[in-house]
Amino acid sequence: APGLWESHRRLIVGVGGILTLLVAAVLALLVHRAGRRRSIRELSEQLRFERLVSEISATLIDVDPEQVNGAVERALRRVLEEMRLDRCALFVCLPGEAESRSTHEAAGSAGFRRGSAILTPDVPQVFERLCEGETVTIDDAGPAGSPAEPRPRSTLLIPVTVSERRVQGIAFQATPGESG
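Each residue of the sequence shown is one higher than the one before, starting from 1 at the first, in the numbering used here.
Hints should not be assumed to be uniformly reliable.
Said to hold, decoys possible - Label pairs and their calculated CB-CB ranges: (1) Leu94 to Gly35: 45 to 53 angstroms; (2) Ser57 to Leu22: 50 to 58 angstroms; (3) Thr161 to Gln125: 14 to 22 angstroms; (4) Arg37 to Val15: 29 to 37 angstroms; (5) Thr137 to Arg51: 41 to 49 angstroms.
Calculated from the structure, these hints are not laboratory results. Just so it is clear, the structure is predicted and the values come from calculations on it, not from any experiment. Yeah, the Cβ is synthetic: ideal placement off N, Cα and C, and Gly gets one too.
Make a model of the complete structure from these sequences and hints.
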């Protein structure tokens, strides 16, 4: 008498092939689902950020001139909290000076204060890059700054206004794994 394999070979191979196709289809659907969830998450984050910018813009548009500084710092505080940063600041960078300084800022528990350095002189050619309208990213893996003026590990500088005399912009700073 023929064995199971000999008598049902075509059926076994056919069922095995169908099962392989089904497993491949399920895996493809799982990969597609993960990509879709990631896209939805990214779109939600983008929408949340755009809503934040819109709300802040609407808040700042009709601020009394005497209350501008407080309103700007409250707006920076909202950005700091929403983006889970260590520091968010408006800065000014002058060509003859070695440092960029904050004009308005919000900081977490790191202890930054208005007028503190955004960048130190050991970061080369930043002013030139900002003058060209370039967004500058600095990842600093060096030692932390003093407790009075701690130094974040990542800085993003976005120039907003550029002239021959100065660059003004917004700075975002965070220490990965420690912010928020």
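Requested in this report: Would you list, in rising numerical order, the hints stated earlier that this structure does not obey?
Outcome: As far as the earlier hints go, only 5 is violated by this structure.
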